[in-house]
Structure formats: C-alpha cells, structure tokens
Amino acid sequence: MREVAIIGVGMTEFGEIWQKSFRDLVAEAGIKAILDAGIEGDEIDAMYIGGMSTGRFIGQEHVGSLALEVAGLEDLHIPSTRVEAACASGGVAMHQGYLAVASGMYDIVVVGGAEKMTDVVGGEATNILASAADREWEAFFGATFPGLYALMARYHMHKYGTTPEQLAMVAVKNHYNGSLNPKAQFKRKITVEDVLNSPIVADPLHLLDCSPITDGAAAAILAPLDIAKKYTDKIVKIKASVQACDTLSLHGRKRFDSLPAAVHAAKKAYEIAGIKPKDIDLAEVHDCFTIAEIIAIEDLGFFEKGEGGKATEEGLTALDGEIPINTSGGLKAKGHPVGATGVAQINEIVLQLRGEADKRQVKDAEIGLAHNVGGSGGTCVIHILEAV
Amino acid sequence: MGVARYWREIPARYNLIGKKCQVCGKIYFPPRSICPTCRRKSIGKMEDYKLSGKGTVESYTIIYTPPPEFSDKVPYAIALIRMDEGCYLTGQIVDCDLEEIHIGMRVKACFRRIQEDGKRGAIYYGYKFRKV
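Chains as they are written, first to last, in this note's numbering: chain D, 1 to 388; chain L, 389 to 520.
No lab work stands behind these hints: they were computed from the structure.
Since we're looking at a predicted model, the values are computed, not measured.
C-beta atoms are modelled at their ideal positions from N, C-alpha and C, and glycine is treated no differently.
There could be a bad hint or two in this list.
Stated by the list, open to error - Every beta carbon over 10 Å from chain L, so not counted as near; a handful from chain D, in silico:
#1 GLU43
#2 GLU74
#3 LEU76
#4 LEU99
#5 MET105
#6 GLY142
#7 THR163
#8 GLU165
#9 TYR176
#10 ASN197
#11 VAL201
#12 ASP226
#13 LYS230
#14 CYS245
#15 ASP281
Said to hold, decoys possible - In the BS3-like style, the derived pairs of lysine-lysine whose C-alpha atoms are separated by at most 27 Å in a straight line are:
#16 D:LYS254 <-> L:LYS408
#17 D:LYS159 <-> L:LYS496
#18 D:LYS359 <-> D:LYS189
#19 L:LYS461 <-> D:LYS254
Please construct the entire structure, taking both the sequences and the accompanying hints into account.
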C-alpha cells in the first residue's frame, strides 16, 4: 500500500443557502479544492462523492454522474461514485478515495461530500434523517433520530452523573468556535442558559443540543505522498484511514454509553498510525448532538469513560485546552449537511495542520483526528492526519 | 407505502415473535436469520420464539418534536427496554404519567395502534409498553 497525502481542500459556506442548488454547491467545493491543489482536470483519475439522501432531499440519485458533469470531466469518462453511509457518507467517501490511491489503482482522486437539506419543508427533513435509524424497528414506533441520542444521553447521565449543564457546555464551546469560523452556519455565541431554555426536542436534549439542518459541500484532493510534492509544499499525510461498522439499530448494540464502532475504529487507527490518543493535537468529532461529543471524546481515548462531561466543564476541550475539540464549530455551529460533514471535518484538520485556521488556529498543531459517525453509530470513520 | 410492508411484520409486531438460536439458545428480537455468535452453525436453526413481553426500562426519552405521523401524540415516551429474555427493543411507554417513567421500571408489552397511513389509509398496530 502506498502512503497517501491530501494536496488540496475546499468547501462552501455552510447554512441555509437558498440561492444555491445541489449542483452549485458541488461545483463550488470542487473548484476550490482543485485550485487549492493546483491540479489540472485531466490529471484526475477518479471521484467519490458522499451524499446521504439526495433522493429524498432533492429527488436526485445518480449523483456520481452529476458530479462528473458539474466538474466538466465527462470527456475523460473517469469513474465517479456516490457513497452513502448516512451522516458518515463523507467519511466513507474519504476512506474509499484513500483506498483507491493507496492501492495504486489511481493517483489523483477527488473526494467530495454534499447535501442540500433546505429544499424540503416542515418536518420532512426530520423524517428523512430518521432513515439513518432502523425504519422498521425504531422509527416505525415513533423513535426520532434526536430521540435515539436522547436515550444515550439519559443512560450516560444515569450511569456517570453527566449533567444537562455539561451537555450544554459542548454547544456553548462549539458556538464560540463557530463564531471564529467565517464558513459556519452559526457565528453567534450562546450561553448555558440559552441551551437549557431552548425548547426540548427529545428530553433531555434541547434544541440547542442538536446540530442544525444545513446546505453545504466540501471536497479534498488525494495523491500518493511521493508525487504530492510536485503540486504543493503544504502536504498533509493521511496516517490512518479506518472505517468500522455496527448494528443499524441502537437496541442491537452491546452497550449504550459508547459507540462500539468508534472504539474499534479508534484502536485500529492509533495502531496503524503508531501513536496514542495523547499524541493528537486536535480533533473534529461528530457532535450531531452534544451527548455525541461527550461520548466521542471518551471513545477516542482522550478521557476516561464517564469523564467526558467533566472534561468539557473544565475547559479541557476548548480552543486553548488540553485537546481542542471541534475548532471549526463542529456539526453544532458550523452546520451539518449530512453527506458533506465527513469531508468538511477533513477540511478543518488540513487548515489547522497547515497553520491556516486564522483566529481559531491551534498553536503548533501537527497531528489531527477526524471522527465521523453514521446514524446512531452503525458506521464510524476515523482519519488521522499529519503535517509533513 | 404498500401494505405488504406492514403485513409481513405482523407476527413480530403483534405477538412479539422473535427468534431463538437452537445452537446457543440465545433469543433475538427483532427476528434475525443468523445468530451473530454461532453464525454458520445457526443457518436453518433459528426458530420462532414468543417473548414473554416483560422487560425493564434501560433508558427513556420524552419526544416533543415528532415525525409527522406522531404529531398528535406529543409528548410521548420512547424507551430502550431490556426484555427478560435478554434482548433489547425500542418502544413507547403508555398509560402512565410521563414523570413516573424511570430507569429500572418494570414494563409489559400491550397491543396498540402505532400509526396510520393518513386519514383513509391502513392503520398499523404493534406493541407498546405499560407499567407493571
């Protein structure tokens, strides 16, 4: 297997972008990444694009072909593949791109992720997102997606004494980080009281414990490490790319205070990279709900199981903390266009490792981790990146 | 949605018919065709098994933002229930004050209307849970 580098990244602004279509978003993120990498179109060997539910959000499947057309690469007839793994679609697209380059099959690969979520109205987006859960045995009985994470939250609170205030502090921190990110959907700071006073979605989770409905796209350009220097001197190496899966339903799991797929993927990723959790300088984790970040920082080995809430309260995950988590604002404040999220996380880590994260730059960041989850934990993808 | 999709799940949803692996004896609900412990050995050896319907609340939530089909039910409780046979399932808890629900509460399955396909469509039934 060859070593793989990321030679360029790009993403759109995240938010309710009514004036831009799915195509516009895909084109914008792709063009930005291609210009960042300094590659020519005819050097591209393959494309992978993550999208969770384009069929239900915009009535459009076959978005591999759409992305190829948007990029103006149809005359090359290169393979362009849509990848779906619910909210981990982007991360799985990254993993597929990594495998394609590492295997020697392709040299230059474009990885993208996109979702256009605001073209549906009312509760339809909630219903579409419930497709990430088990339709027959969870959603059929009235379980919502926030509801499944609420079950995990209540369990975690009962077992470890995690408090609603600690959950709220995840949102407060991520909104603060989002206020420093020009591409974030929410650039306003919030307080613990704001979170606790916001309407309850699925008790104990309030509206401000939840990530929003978002439009957006992100892209990254991969190349073998040995030829990456030809394109850029700001090379970021993929030290590990691991995907792990688990049951579709939450009730099918062995435990509810952890995502076993994340624990499994993290262990394997640290082994491959030859590092320990303490070697990670910053991480983007899948905070689709505040409880998800608390569980993630425990599953990734940054804190002991049950200590995630306390660590957040003590500021250990803040921008100037021991291990800054979600410097981009995370899914909570940067926004969560489901299929794009895994690739957007990679964008943030790459900017940080290149020292280009401006006001939210983590000092001397050398190794970063991205943790992308599908559904309630049925899929987890972990990437460990290093500046070289 | 075609009614066949709901009709074919009737045994499990009306009568809590799961599967028992005849090799290791483990019981599964919802039904599955392979035992994840015995795998190959369990092929053809997963037999129907009716759950007692009794279980314990492992975790719960009160839903305030529902999918459209459940908008007339809010607020309602959804729980993760550990059945006495060892398997877990997801269902609503009904017929009690929402404040009464707690982790460790004993519950028993009952047969209820779950949702309906619009005003003139089919009515879908299945299990919910009541306090014992």
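Hint check results:
no., hint, result
1, GLU43, "45 Å, holds"
2, GLU74, "37 Å, holds"
3, LEU76, "41 Å, holds"
4, LEU99, "26 Å, holds"
5, MET105, "32 Å, holds"
6, GLY142, "5 Å, violated"
7, THR163, "16 Å, holds"
8, GLU165, "18 Å, holds"
9, TYR176, "26 Å, holds"
10, ASN197, "14 Å, holds"
11, VAL201, "5 Å, violated"
12, ASP226, "42 Å, holds"
13, LYS230, "48 Å, holds"
14, CYS245, "13 Å, holds"
15, ASP281, "34 Å, holds"
16, D:LYS254 <-> L:LYS408, "18 Å, holds"
17, D:LYS159 <-> L:LYS496, "24 Å, holds"
18, D:LYS359 <-> D:LYS189, "15 Å, holds"
19, L:LYS461 <-> D:LYS254, "30 Å, violated"
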